[in-house]
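Chains as they are written, first to last, in this note's numbering: chain L, 1 to 428; chain Y, 1 to 428; chain P, 1 to 428; chain S, 1 to 428.
For the record, the hints were derived by calculation from the structure and aren't laboratory data.
Among the hints, erroneous ones may be present.
Given that identical chains are not distinguished, each listed pair holds provided it fits within a single copy or across any two copies.
To be verified - Derived DSS-like pairs: lysine-lysine, alpha-carbon spacing no greater than 25 Å straight-line: (1) K145 with K31; (2) K134 with K89; (3) K237 with K207; (4) K31 with K336; (5) K336 with K365; (6) K134 with K145; (7) K336 with K134; (8) K336 with K237.
All figures in this text were calculated on a predicted structure; none of them were measured in a lab.
The residues making up each chain are set out below.
Number of protein chains: 4
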Amino acid sequence: MGTIERRGIMERLDNGEVVIGDGGFVFALEKRGYVKAGPWTPEAVVEHPEAVRQLHREFLRAGSDVMQAFTFYASDDKLSNRGNTASQKYGCTNINAAACRVAREVAQEGGALFLGGVCQTPTYLSGASKEDTKEIFRGQMGAFKDEGVDFILCEYFEHVEEAEWAIEVGLETGLPVACSMCIGPQGDMHGNSAGDCAIRMARAGAKIVGVNCHYDPFVSLEAIKLMKEALERENLKAYLMCQPLAYMTPDAGKQGFIDLPEFPFALESRICNRWDMHRYAREAYDLGVRFIGGCCGFEPYHIRAVAEELAAERGRFPAGSEKHVVWGGGLKMHTKPWVRARANREYWENLNPASGRPYSSAMSKPDNWGVTRGNEMLVQHAHETTTEEEDLVRGIKGKLKMACCQHHQETKKEADLVAAAQAVTETA
Amino acid sequence: MGTIERRGIMERLDNGEVVIGDGGFVFALEKRGYVKAGPWTPEAVVEHPEAVRQLHREFLRAGSDVMQAFTFYASDDKLSNRGNTASQKYGCTNINAAACRVAREVAQEGGALFLGGVCQTPTYLSGASKEDTKEIFRGQMGAFKDEGVDFILCEYFEHVEEAEWAIEVGLETGLPVACSMCIGPQGDMHGNSAGDCAIRMARAGAKIVGVNCHYDPFVSLEAIKLMKEALERENLKAYLMCQPLAYMTPDAGKQGFIDLPEFPFALESRICNRWDMHRYAREAYDLGVRFIGGCCGFEPYHIRAVAEELAAERGRFPAGSEKHVVWGGGLKMHTKPWVRARANREYWENLNPASGRPYSSAMSKPDNWGVTRGNEMLVQHAHETTTEEEDLVRGIKGKLKMACCQHHQETKKEADLVAAAQAVTETA
Amino acid sequence: MGTIERRGIMERLDNGEVVIGDGGFVFALEKRGYVKAGPWTPEAVVEHPEAVRQLHREFLRAGSDVMQAFTFYASDDKLSNRGNTASQKYGCTNINAAACRVAREVAQEGGALFLGGVCQTPTYLSGASKEDTKEIFRGQMGAFKDEGVDFILCEYFEHVEEAEWAIEVGLETGLPVACSMCIGPQGDMHGNSAGDCAIRMARAGAKIVGVNCHYDPFVSLEAIKLMKEALERENLKAYLMCQPLAYMTPDAGKQGFIDLPEFPFALESRICNRWDMHRYAREAYDLGVRFIGGCCGFEPYHIRAVAEELAAERGRFPAGSEKHVVWGGGLKMHTKPWVRARANREYWENLNPASGRPYSSAMSKPDNWGVTRGNEMLVQHAHETTTEEEDLVRGIKGKLKMACCQHHQETKKEADLVAAAQAVTETA
Amino acid sequence: MGTIERRGIMERLDNGEVVIGDGGFVFALEKRGYVKAGPWTPEAVVEHPEAVRQLHREFLRAGSDVMQAFTFYASDDKLSNRGNTASQKYGCTNINAAACRVAREVAQEGGALFLGGVCQTPTYLSGASKEDTKEIFRGQMGAFKDEGVDFILCEYFEHVEEAEWAIEVGLETGLPVACSMCIGPQGDMHGNSAGDCAIRMARAGAKIVGVNCHYDPFVSLEAIKLMKEALERENLKAYLMCQPLAYMTPDAGKQGFIDLPEFPFALESRICNRWDMHRYAREAYDLGVRFIGGCCGFEPYHIRAVAEELAAERGRFPAGSEKHVVWGGGLKMHTKPWVRARANREYWENLNPASGRPYSSAMSKPDNWGVTRGNEMLVQHAHETTTEEEDLVRGIKGKLKMACCQHHQETKKEADLVAAAQAVTETA
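Just need the whole structure built from these sequences, with the hints factored in.
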């Protein structure tokens, strides 16, 4: 970790290097006690910067080349949505600036880059105008620019239109802009294919495009594959990035893991292990992805597995490998001889882990509402959901059941099914 | 968290309070990049105290009333076992003292107690004498005493004999001594029943007795139940403590999760969720357990779930509940209406989570070696396992297979089966 | 099949031979369209004797040494219970006599013995007197005697008291009497242990005792093991018989598969395959069981697997092996080479079959009512259940839910848990 | 069953009626002891006609409108393939004629039609010429014509080319010809799409086209859907027929259940229950399929479920419903009140059955060899596979493993994935 170098993101990629991203802050910090599931906003950067700093350090140690400031959902509209008081207490600009400072501090400890990110907004979902939506992005981007981020990431968009608008604002900073959408092989919520989304992101000016969140690594790579093919067809040059979930989601529909019944408080049995991540890193690399990271569920050890799988290509192991011998080698030091016998790649690569849950099944049926921008139920509200509203939703849920099944069968497209199949295909 | 009070552990228990323990440091810090799986020793307290401190703070915030210094396996023999250089680099005393200081610092931030712990030793397993084994414990206990711990915990013993010796050394400090064994309802590795183990721990002078590690919460409570009945039968007074795994282990045999094929790198699909911990906390409380904590796999949010379940009994919520509404209430602030519909207890309490793994089964077959103290293969070695030794183990493994199956069927006793059944019984 | 010999059942057993029973007629003929699930009575012997004859022939061909007349539930009270008109249409005696004739005819084709059986009665369950209950048995036994059966089987009793009464009536015929109960390792519905049940059956005069129905082969063998130990303890001589389900039931409670949610119309995914039956036959033989057959779910090919596993001990293969090479050898003649590669024991013995059902779990939660003789809900009625009664039952079911869980946990005894564990232990 | 009417197959279909087929003879008779797994040839029609007759009667009673003579694989080349001596013992013509006579006899008992069928041949697979292959078909068709069958079925073809040749021979008889292929949504082994296969079968002269065997009902219906769309696109008129497996196969690849590791001796846990068949019948009917039957695994009760689901459309219940009340109604006569509570549609329609197998997974990985016509390994041989050949296959299997995975991922097309998804989508 000794070398202090600050070559930019584009220099690194143009040089043929693999850039390793970090993991998921909202889920990791929710489990550590600093983020509230539901609003998922990052006021922890002001309230408990030491906790955020520690998580950055762990990812740095695990091999991350970039420190992404914890600015997820830190737009002014989200910070005041449905009972959230973070905007009022701390202010949008302060939160974004504080996040940048923590990220920068840790990045400087290890020669990493640092960046700020924006994502989908309640404003857009409520049906507001292009200019109103862009103003929301400008609220965050200004802070990024002031704090000297190395590049901008627009991520977690369900609609490519909103992604384009975010890219446009990002470009106003003069910095390189990357953009990833939370879509699978089925494409976005307006019916644009994954390939078309990639084309539009690249044409809007993003130098790096891809997907993040919503699907497991293997479903996500299917989407990336479709993006790659589309870009090549159109002779567009853009680097590919992939930052998937660390939860297995072969059964997720168009809105990804949000719709799984286990979201967000019972996903444990779906968590990928480190060997899944070795496979992910290898398949991503072979597909040509050069920005390889993670999203919700990715803990430092998952990123370390990515860095270890690609150690030969990158010419180095991450600092954290000081405490981890590849493919379970550390078990050679275990007290019990039969555990020492597991200290090899063949053992772990071929193991199908049991769940220890005899009453649980392999797959769930997602909710599959398919509701999107323009639907009344998605409009932003400052107050928390009332009981009356909850009852309404449940009633609608009942009625939609049959219709949705129908809808589901009709819209389930080949691409997401390829992804689903991939997701359950293991190398064994 | 405002009140600064330092009433001792016995005062609290005598006063009828529930004391909430913390979670598992070795597994949590392994995932964060600071502990090596295999040796599992805690030199991180010297190498990266900020990482250890942060984890203490998270447990404090989650509701832990005690900060256990990260001294697991920090005995001089273990720190130099099978290639481990920690002893040589830092020294056993330094490691134990450093761990105490970090724990004390955080404890003082929140009115918590702090303690030091010792556990099973390679010395005992190698067949050494009582006095040699006790000397190993004294190496750690001295540091605990010097650093002013509030009480001593002897934990993770597979043989009640070694536990007794540890208690004896603990009592030399003049401090209260708690003791828990890593056993299930089947009892210890020498064939002593769980009830007899409790009796012997209490008679040796432990004021608090119970189990930790090796089994999931529900199997562990079965062992505790047997202990409770035995203590009552003998009119022995001791408080009960339970600090189980956060991994589902209905299929584990006599050596617990160590023998499961997924140990230690593919346990993800077995991780308990927060609702499992609500059930655990309630069942533990109803059984009369008053020291309720966790071991490997327990993350801060698991401890918070325990504290939230017992909020009424304790008269307070933990600090971390600032970011967590009980029973999923935070989802009322979610953007999607169908996720808002999950903001209630009934939903989460009745959900059987899917694994997302169509090629995985519900249960595994444990290794079930049943090898214990005195066996050649368990003798301590300073060097790492060689390839020759590994081959030998695999060869023996093959030969033992049939014999072990036989053995397994004969020794599988009622108590661990009760536990196994409990483990898979859910409230739905 | 050529040798025509009619040595009696006791001669064969005294000679150290293994007697192979047949499979389950009610379930097999329900699927073939001749028996009604619900009443389960055998009027098919009058209505469609050719269908019953064919099934007898298949079992004979598969290796059965005894042809059990299809007289299950053919007592006069059952034939007129809850809307059943069979008694009125055909008469109890006619049904039993017709069943005997069909069985005898086929038995004579292959040197097999033939027998008549009685089982639990609505009369007993309604709380009637000993004499009234015995009169019901006499109604069937008279026909058996007249038709010249080789021996009597009293089977499928949930209460050892009723079994004793049946044995007493059986002995009045002067023929050898066998008796098996539909219990698992937990014992009968009145709280008598499996061991005590065996002792009482033997003392009542049964020469062959054991279990049938309600549990899978491996759970059933656990019950048999307890019976064997009890008989040895008391120095009682009786041969052991086992005629289990061909459905996997590791999760069944005290009333067996009746209480599983899948009973009786969705048990398919639990059906044992022929390799499970090889294991069953071997384990039964090794335990000393010498009357080895099957009950509900056992099809001819399951019995053939038993006969093939014990071919060396018996000195012969069954006639049906003309169309079956042991351990999959017939696949050597398959068109596809990769299927030919499965023509060996190792392949089949180590295969854990997938269910092809990603939404299904490994285990179910049984109903566990635990209602028994004397309960108002069990009293015999001539009319079918009315809607009002159904509603009542559902209401009670809701109320009993919590209480039953409680009850379940308290009464779940070691023996049935041993059985449960056995049931899920495979040789792989 | 009273009405004796013999309107032809085309009259019935042209009249808008639903024709219900029968189930699978080879698998049913293998379990009953009369067919050998591996060669799967139907010499039982000569050796044990009473067993074949009884199975016909059960299907008739279950609602089948057509009795298919048991002539599967009864071509002269197959009857003498890989050690089979049936051709030599009985002669191809005798077997086909005997099969027709048994089918006709039972058909006449219930106003059913009767037909003869041909299927894929070792001759074609060995790469023989068109004329040689057609001669093989003529060997069977002659017997069909002589025995007066009502129509001809060409079925179980993996290559549409061979299906066309069979249809051509069939037309020579002057009878109506139906044709179904054992393909899924992926199409045939030569890469022809399911839609193209339907077009070619219709153009070759088949009046009824569809699929049989190899996939479960829901995957099969996906293939049918593609066929229907293609026929409509080309303005071709042909009735649709579907005769799928009664085994769940969401995980099967291009060669269907043959490639699943459980084939053919461990498929039990995949068996569809009667409620699955209700859903199949409804979905088939709604898709426009008017020849609805089953193949391997379909037992009489499965066919009865089809007939009961379509009772309103057909204006009658099958004879076998005398012993079956729709949707579990017979349970109203059960002794236990909690079982009586299951006597309703809602209960069974929403039940996800457990497997009772905690060590088994939801899905398997198919072998996926993808070897087809022209490959050396598929050439016909008169002798049984030798040990040397077996070793060779295993060796090849190992080497092909990596290549096949690759192949599998590349060839896994959208259509079969749609089918796979459908297969696991249940109505609940």
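Consistency of the hints with the structure:
In the homo-oligomer, the alpha carbons of K145 and K31 never lie at most 25 Å apart, since the shortest distance is 31 Å inside one protomer and 33 Å across protomers. Within a single copy, K134 and K89 get their C-alpha atoms as close as 23 Å, which meets the 25 Å cut-off; across copies the closest is 56 Å, which misses it. With identical chains, the CA atoms of K237 and K207 are at most 25 Å apart within one copy only, with a shortest distance of 8 Å there and 53 Å across copies. For a Cα distance limit of 25 Å, the shortest separation of K31 from K336 across copies, 21 Å, qualifies, whereas the shortest one inside one copy, 32 Å, does not.
Taking the shortest alpha-carbon separations for K336 and K365, only the inter-copy value of 17 Å comes in at or below 25 Å, while the best intra-copy value is 41 Å. For a Cα distance limit of 25 Å, the shortest separation of K134 from K145 inside one copy, 16 Å, qualifies, whereas the shortest one across copies, 62 Å, does not. Taking identical chains as interchangeable, the C-alpha atoms of K336 and K134 lie at most 25 Å apart only when they sit on different chains, with a minimum of 22 Å there against 60 Å within one chain. Taking CA atoms no more than 25 Å apart as the test, K336 paired with K237 passes in neither setting, with 53 Å inside one copy and 35 Å between copies.
Checked against the numbered hints listed earlier, the structure breaks hints 1, 8; every other hint is satisfied.
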